[in-house]
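Novice: Listed here are the chains, written in short residue letters.
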Amino acid sequence: MMLKCLRQLTNSVLHYFNSDHFYHVIRFKIKFHANTSMSLPPFTFDEIEEYFDDLFIEVDESLIQHLTQFDIQTQDTLLELIKKAADTNSGLAYQLAKRMQKAIDLMEIDTIELWLDQAIDVFDSKGLYGAIEVLDELESIAHNAKQKLTGIAFEEVCNMLEHFVVGLNGRCLKIETDKETYTDTETIFLPGIINKYTERDDNFQLYKCIVVHLWAQNWFGTWRSNLVNVFSQYEKPARAQQWFHVLEMIRLDHKIKHELPGIHRQMQRLCELGGHDKICDISINAGKQKNLETLITLQSRADDLLKLLPLVYHLPTPSLNFYAGCLQADQVELRREIRLVKEKDLFRRAIAHVLEEKKDKPASEFSEEERREISAQQIPDPNMPEGFKYRLEIDGDSIEPPDGVESLISSIIQDLGEIPDDYLVAAGDGHYKITADKEKIDDANVWAGTYHEKGAFLHREWDYRRQRYKKNWCALREVELTPGSTAFVKASVEKYSGLIKNLRRTFEILRGEDKNLKKQPYGDDIDIDALVESFADMTSGMEMSQNIFTKMHKEERNIAVIFMVDMSGSTKGWINDAERESLVLLSEALETLGDRYAIYGFTGNTRKRCEIYPVKTFDDEYDDKTKGRIGNIKPQDYTRLGVFIRHFNQMFETVEAKTKLLITLSDGKPEDYDGYRGEYGIEDTRMALLESRQQGIHPFCITIDKEGRDYLKTMYGSASYVVIDDIKQLPLKIADIYRSITS
Amino acid sequence: MNDIARSLKPEECFINEEPYYEAIGSEIDIFLAAYKQKIPILLKGPTGCGKTRFMEHMAWRLKKALITVSCHDDLTASDLVGRFLISGGETKWIDGPLARSVRNGAICYLDEIVEARKDTTVVIHPLADDRRVLPMEKVGEVLEATDDFCLAISYNPGYQSVLKDLKQSTRQRFVALEFDYPSAELETRIIKTEADIDHSLAEHLVKFAHMTRNLKGSGLEEGASTRLLVHAAKLISAGITPVDACHTSIAQALTDDAEMLAAINELSSSLF
Chain A
155 MMLKCLRQLT NSVLHYFNSD HFYHVIRFKI KFHANTSMSL PPFTFDEIEE YFDDLFIEVD
215 ESLIQHLTQF DIQTQDTLLE LIKKAADTNS GLAYQLAKRM QKAIDLMEID TIELWLDQAI
275 DVFDSKGLYG AIEVLDELES IAHNAKQKLT GIAFEEVCNM LEHFVVGLNG RCLKIETDKE
335 TYTDTETIFL PGIINKYTER DDNFQLYKCI VVHLWAQNWF GTWRSNLVNV FSQYEKPARA
395 QQWFHVLEMI RLDHKIKHEL PGIHRQMQRL CELGGHDKIC DISINAGKQK NLETLITLQS
455 RADDLLKLLP LVYHLPTPSL NFYAGCLQAD QVELRREIRL VKEKDLFRRA IAHVLEEKKD
515 KPASEFSEEE RREISAQQIP DPNMPEGFKY RLEIDGDSIE PPDGVESLIS SIIQDLGEIP
575 DDYLVAAGDG HYKITADKEK IDDANVWAGT YHEKGAFLHR EWDYRRQRYK KNWCALREVE
635 LTPGSTAFVK ASVEKYSGLI KNLRRTFEIL RGEDKNLKKQ PYGDDIDIDA LVESFADMTS
695 GMEMSQNIFT KMHKEERNIA VIFMVDMSGS TKGWINDAER ESLVLLSEAL ETLGDRYAIY
755 GFTGNTRKRC EIYPVKTFDD EYDDKTKGRI GNIKPQDYTR LGVFIRHFNQ MFETVEAKTK
815 LLITLSDGKP EDYDGYRGEY GIEDTRMALL ESRQQGIHPF CITIDKEGRD YLKTMYGSAS
875 YVVIDDIKQL PLKIADIYRS ITS
Chain B
362 MNDIARSLKP EECFINEEPY YEAIGSEIDI FLAAYKQKIP ILLKGPTGCG KTRFMEHMAW
422 RLKKALITVS CHDDLTASDL VGRFLISGGE TKWIDGPLAR SVRNGAICYL DEIVEARKDT
482 TVVIHPLADD RRVLPMEKVG EVLEATDDFC LAISYNPGYQ SVLKDLKQST RQRFVALEFD
542 YPSAELETRI IKTEADIDHS LAEHLVKFAH MTRNLKGSGL EEGASTRLLV HAAKLISAGI
602 TPVDACHTSI AQALTDDAEM LAAINELSSS LF
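Chains as they are written, first to last, in my numbering: chain A, 155 to 897; chain B, 362 to 633.
Treat the hints as calculated values from the structure; they're not laboratory data.
Backbone N, C-alpha and C define an ideal beta-carbon position, used for all residues, glycine too.
Each hint should be verified, as a subset may be incorrect.
[Claimed, not checked] For the chain A half of the interface with chain B, some residues (derived, Cβ under 8 Å), not all of them: (1) N313; (2) N537; (3) M538.
[To be verified] Here are some chain B residues pointing at chain A (derived, C-beta under 8 Å): (4) R444; (5) I447; (6) S448; (7) A545; (8) L632.
Model the full structure from these sequences, guided by the hints.
Specialist: Spelled out as structure tokens, the structure:
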């Protein structure tokens, strides 16, 4: 950027002096600077002003004045940041420039960059107003940055804590960050940064203690009853809630001490470090004066504490321990209500399914008694909070719960403490069918909204100007391709029958066969020829060879190929025909080889509407339906290449194969609305292909065009590619790729 | 500790002391019945749940030699049946472990059978049905099994993929015994007995194992097996702290992923 900026300056200076000599002087200075790292004089006021004028940003003179004080490298970095903002949105750049002076005073340059990146991310998802809000948080961000030296940020530990909490037991809780620290029984919300202690490890331990405490609320049944109702009976519900939380904390501490002594020690240590009072010493009048510590024991349940609540309600509320967070009973109630209905329904359908299999008739035909045939028996299990788990039985015979039902039972027990009798009635007719497994997405509704992300795969996109990814930028969904007639495939097979034979032969050679290797040092059988030879050697006084065995060498191929076919409008005409014909040829050949392969068409219109059309999935046969779909591949909208490559990269993660091959058939012109063209599209495609490489996928791009464009080498970068304009060239090229990659 | 290792022929390997084994269900009775009726046995279950120990225990009960073959993807049919070797200017036939078992009426246990190549697994077919013979094509003989001979194979269904699954023609010749990790109570007893540690420590180890098993499918391929717990318990009884023992013998054995390792270590330090 500095070079560019200087060049801009030079150009404007040239404008005044109109002399080549001056330009050369500046070029020399830059070169000299680069070679010797000796410093150039900083930019002057006029130069900086000119720079901003070029970006069409209006700035205060005081900022320019301020910028002149720095050395040239700092100036360069700061101006670069403003340009980065300007590349995204000029309004954003203006707002950034307005705050720049203050930012320079408060933050290090690295932090300023982080601050801007954060604003750009928000800009992508929420627009300019959201981004300005982030920019306005300048002071707190600066403050946090200073804290980060000893503090621990949520991002550093969230993955680890997520594993941690799954390991602890119970419902799979998600971990997120929020202003308040609490749990809504499905997610644990944690502070974005913890900087309470001077040691990093202590701050981390505090994170852990918070997670364990909030997990314990879920696991040990804090939320069994509707607490919103309970608290609302008091004059001051907030006070009741606060007191309940204190009592719960004491109860949960007992539980944690028993179940997880290690973490309990940590909790106590942190309290001592933070200089926190012990609250258990408070005594109350329960019949006679009693200490809270003795009133709440390991066996206490949340219900027992609700009985204590009226006794303590009038007392001043003690403060909670650091790790206790807060209670959000209304949030919990919101989640719990939905979940109770959903899980009851799921459970009843699951047992209906079990009964259906057992009785071999649909649930709708069950009689009332048959519907109640499954019973749940409690069996002791010390690892469960209630000390027992359930076993499902039919007529006294235990049954294996279907997949997922075990965790469902566990979740129900967490909410209710038991499986109520009305859960054990198998779902009947109608009810069973109406609510299908997944929420159906009504396509029309999806498209009607401004954001079409529901039910879609979200992928990032590389923005070369910012040198970073735009998160969840593209929404991609699978759309069914109706099979057309198989006439096209038949015609192609006839037209190229000679070529297909040729191609098959090439591929058959590639397939490789079992070979019986001779003269091996170790093997299944004795190689008599080699043995005779070595005997002859031995008798003539030479050393006898060790290599006297034969060994069968098995050729094992384990390849998965995905073909992605460009269905954009620009392929209309002969390119589309060539694509389809190539697919026919390749499918015919791959059938010979027995390699697993899938074919997908792709097209799209803006980042919100990227679509892939499964022509043949890995599981499909190469039958008339598939052939009909190949015939039906038609040019449609645009080519946003990057997102599709990323999608297939992701798809490959679930495919087990030694060699993974991603073959793109396109016209090599990445283009879409909303700015996906030229350098941007090329760079994004290039990045996506690099990602493939990193995942161990072999990307290969077949470009069908009259002549290759000069950017292809840059775009395909790490991938191999060929440009063909006649389908007859294809077999030779493909066989080459195959040979180089698979052997 | 200065004993010299003994060298024995496989068919002479008798188990003299009772190997410790706690039955989970009726597997011992079923095995004995199948043995009596000359039906081969298939053991399935996750790694480290006691399949091999069960075989040792049964060999001890039946007073038979146990010949174990650990299958791998390069195992050929001649590795099992036998091959010609050169000795003093002439070829000499050497029995493979399977032929030895048949000849001597021993128990042949093919561990992780799915790892072996498909063409290898078919050589056990004639032995695994009512023919009970082992054709040895290279020497032109057919070896008939005596009543004593017993064939057992094992595999782990958890790791199966499309590429490595047992063929129907193979699996339908066997009586299948399913193994799983024992119940918490039983597992505690096993660890206590194997490593000689106190009860509450064993309980905590089992609880830790359950935590790692909760993580199966969300980042871990497999939870801690009973075998790993025994390893940890043995380290603890040799004076290593529980947290260190869990770290080295369980966490590191389960995964290489740094975040997962950290999470497992935090779980163990929360527990002990």
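Novice: Now tell me, hint by hint, if it's right for this structure.
Specialist: Checked hints:
| no. | hint | result |
| --- | --- | --- |
| 1 | N313 | holds (5 Å) |
| 2 | N537 | holds (6 Å) |
| 3 | M538 | violated (10 Å) |
| 4 | R444 | holds (7 Å) |
| 5 | I447 | holds (7 Å) |
| 6 | S448 | violated (12 Å) |
| 7 | A545 | holds (6 Å) |
| 8 | L632 | holds (5 Å) |
Of the numbered hints listed earlier, those contradicted by the structure are 3 and 6.
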